[in-house]
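Novice: Listed below, chain by chain, are the residues.
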Amino acid sequence: MSNGPTSNLETSSLFQLTAVRFKLFLREPEAIFWTFVFPILLAVGLGLAFRNRPADVLQVAATTPQLTQKLASDKGLTASTMNEADGTHALATGSALLLAIQNPDGSVSYKYDDTNPDARTARLIADRAIQTASGQHDAVRADNQLVHEKGARYIDFVVPGLLGMNLMGPAIWGLGFAIVEARQKKLLKRLVASPMPKWQYLASFLLSRLIMLVIEVVVFLGFAGLAFGVPFRGSLWQLGFLCILISLSFSALGLLTASRAKTMEAASGLMNLVMLPMWILSGVFFSASRFPAIIQPFVRALPLTAAIDALRGNMLQGTSLSQMLSQITILLAWLVIPFAISLKIFRWR
Amino acid sequence: MNQSNGPSLLLRGLRKTYADVVAVDGLDLEVARGECFGLLGPNGAGKTTTIEICEGLTEPDSGTVELLGLNWRTGANELRQRIGIQLQETQFPDKLTVEETIRLFRSFFHKGISVEESIKTAQLEEKRTSRVGGLSGGQKQRLAMACALVGDPEMLFLDEPTTGLDPQARRHLWDLVDELKQAGRTIILTTHYMDEAERLCDRVAIMDHGKIIALGTPPQLIASIGGEHIVEFAVTSHGTEENQIDTAPLISIQGIQSHRVDAGLHQLSVSELHTAVPLIFAALRAQGLHLSEFRTHSATLEDVFVGLTGRNLRDE
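Protein chains in written order, with my numbering: chain A, 2 to 350; chain B, 29 to 344.
Chain A with its partners taken away, still in its complex shape (with noise of 0.2 Å):
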């Protein structure tokens, strides 16, 4: 063609196709709700939740008075009388972690639920507080240091976890719901019939996401260092690098999720299916290694599980990109592939 487009941005397509995304976005009070102020409720309230508190003090009971009294002598417990029945039902109501039963030859045994981390703690305190009262004394001398270390906290933890989650729901909701709206309205097919170049049409969406992500990231992780003091060891450069690459895979799955369907319902569907099994799976909330062996190498191939594990890597332990080449091999997996299938499949009416 003798005339070719212009530079000027304003008749430029790929400029007026993300500036048009862009604008369309703002203009979505709820979309603006749930990627830049939901993340920071949730931290806010994870970070409330699981804030730093001195050691949990458990509740206990005994069933004569000279037992309560030296299970009180531990500043760890508080104790008090109750009967044996009344006791069985304070364990079974969880107002008491232990029940301390004194029986007619002299001995004591134990009742609590050896399944509750807090009541396993509570035995073996009460348990020391007996002997100890009872004349029992140490073979060895012992003595604590005490560390509250930043980095070790929950929130130190969640925060990575927290991202990765938000990295991937708006890629996947954002694309997702716009184009099968566009295509349910008959946008996409209109669009199709003008000289528009089709791959603009979809990196108009990469760019615009990558645009938001910048806002989105500083504000989430500006919080969370300033609010919770979360500790950024690794290379910011790293970091940065890193969002931009979990955005593009997570991009091109809700590009994959969207190529078909016809219907919100049926994309809705497809994307929550695609989504649910990371959001168990992955570690958000807690450490994706608690999963039985036998699945975990579904688990380590999840494109969320590598996120928020480099994340983490990068955040917590600063380690650098070269020492997480596995996930960020999974991610460029993730990213390619299902990018590749959707120009494939892509359904433009």
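Hints are supplied without guarantee of correctness; some may be wrong.
As the list claims (entries may be wrong) - DSSO-like mimics (lysine-lysine), calculated; alpha carbons at most 27 Å apart, straight line:
1) A:K345 x A:K187
2) A:K199 x B:K139
3) B:K148 x A:K24
4) A:K24 x B:K168
5) A:K187 x B:K155
6) A:K263 x A:K24
7) A:K263 x B:K123
8) B:K168 x A:K187
Said to hold, decoys possible - Derived coverage of chain A by chain B (criterion: at least 3 residues anywhere in the stretch with Cβ under 8 Å from a Cβ of chain B; other residues may be distant):
9) 19-32
10) 185-192
11) 195-208
As the list claims (entries may be wrong) - Here are some chain A residues the structure puts well away from chain B; computed CB gaps all over 10 Å:
12) F16
13) T122
14) A228
15) L271
16) L282
Please keep in mind that the hints were generated in silico from the structure rather than gathered at the bench. Yeah, the Cβ is synthetic: ideal placement off N, Cα and C, and Gly gets one too.
Start from chain A and add chain B according to the hints.
Specialist: Leaving out everything else, chain B in the frame of chain A:
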């Protein structure tokens, strides 16, 4: 080869089948430069499939399509720059403004008219900063036209441009199409409104079941059914509801071309109304029949369709 002398649109042996439905069944068509051409037919006649094949949105099973001397296989990029398209039921994003929507479409074309000019042509000046979601049906349709025009196309495809609009909005859009015709563009439109086709089109193809059953200018088509006037009447005979009439005396009247019955209503196509009507009255009286209804109107494309298929345009 001099492209500017050939036809704008050339279709040869076009066929398209969906599952077990033959949507387009061996279509041949030629549309000249600067012509406003109408595809008229009931819903399901294959108009939209035909126009979408022309627009390069649907691949025909067989047959050839040539637009402006180019075809979709080798000239798609150039064709997309040179044609303007308005599709049935496109919904532009509700939260964009009129101006933003047109500017987006303008950016797809290498050359064309300015956004302002396009807004002016579509008479949307007052709505330029309004969001699409707040526009009326007619305004949305004019926005679709503005987006089709913004590349200054040589050829314009309009698929049912006035379906669903109120009468005033329809006339408004017709005026817009008139203006575009004056500018010498080739326009191809589909419609199931015969009055629209008569009002706008230089030539009309009447489609039914994927075939063109009649082709010509609206006056030619109307003349082809033999009479410019249609007489409709209903009769009762004495004492009974019996509606049987002997049609032979009616048909033999000078100037009566055909007779048919539709839902108890007799229809005659008549060329000389003033001489035929007294003879019709006499013939019915002779059979002892009483008229319960009687009216006449000028023949329209609707009557052409009815005459050709025995069905009304909007039956289906």
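Novice: Does each hint fit the structure? Answer for all of them.
Specialist: Each hint, compared with the structure:
For the hint pairing K345 of chain A with K187 of chain A, the CA-to-CA distance comes to about 20 Å; that is within 27 Å, so the pair holds. Taken as a hint, the K199 of chain A and K139 of chain B pair is honoured in the structure, with Cα atoms around 19 Å apart against an allowance of 27 Å. Between K148 of chain B and K24 of chain A the alpha-carbon distance is near 24 Å, which keeps this suggested pair within the 27 Å criterion. A hinted pair counts as satisfied when its Cα atoms are at most 27 Å apart, and K24 of chain A with K168 of chain B qualifies at roughly 20 Å.
Annotation: proposed proximity of K187 of chain A to K155 of chain B holds, straight-line Cα distance about 23 Å (limit 27 Å). Distance hint between K263 of chain A and K24 of chain A is fulfilled; the C-alpha atoms sit about 24 Å from each other, no more than 27 Å. Simply put, K263 of chain A and K123 of chain B have alpha-carbon atoms about 21 Å apart, close enough for the 27 Å limit, and the pair holds. Our distance criterion of 27 Å between C-alpha atoms is met by K168 of chain B and K187 of chain A, whose separation comes to about 14 Å.
Residues of the stretch 19-32 of chain A lying with their CB closer than 8 Å to a CB of chain B number 5, which satisfies the three-residue condition for coverage. Look at the stretch 185-192 of chain A against chain B: 5 of its residues bring a Cβ nearer than 8 Å to a Cβ of that chain, three or more, so the hint holds. Against chain B, the stretch 195-208 of chain A contributes 3 residues with a C-beta closer than 8 Å to a partner C-beta. That satisfies the three-residue criterion, and the hint holds. F16 of chain A, annotated as away from the interface, has a beta carbon of chain B within 10 Å; the closest lies near 8 Å.
For T122 of chain A, the requirement that its beta carbon stay farther than 10 Å from each beta carbon of chain B is met, with the minimum near 56 Å. With a closest Cβ-Cβ approach of about 33 Å to chain B, A228 of chain A is found to remain outside the 10 Å limit, as its non-interface label requires. No Cβ of chain B approaches the Cβ of L271 of chain A within 10 Å, the least distance being about 22 Å, so the stated non-interface status holds. Consistency note on L282 of chain A: stated as away from chain B, and its beta-carbon is indeed over 10 Å from all of that chain's, at 36 Å minimum.
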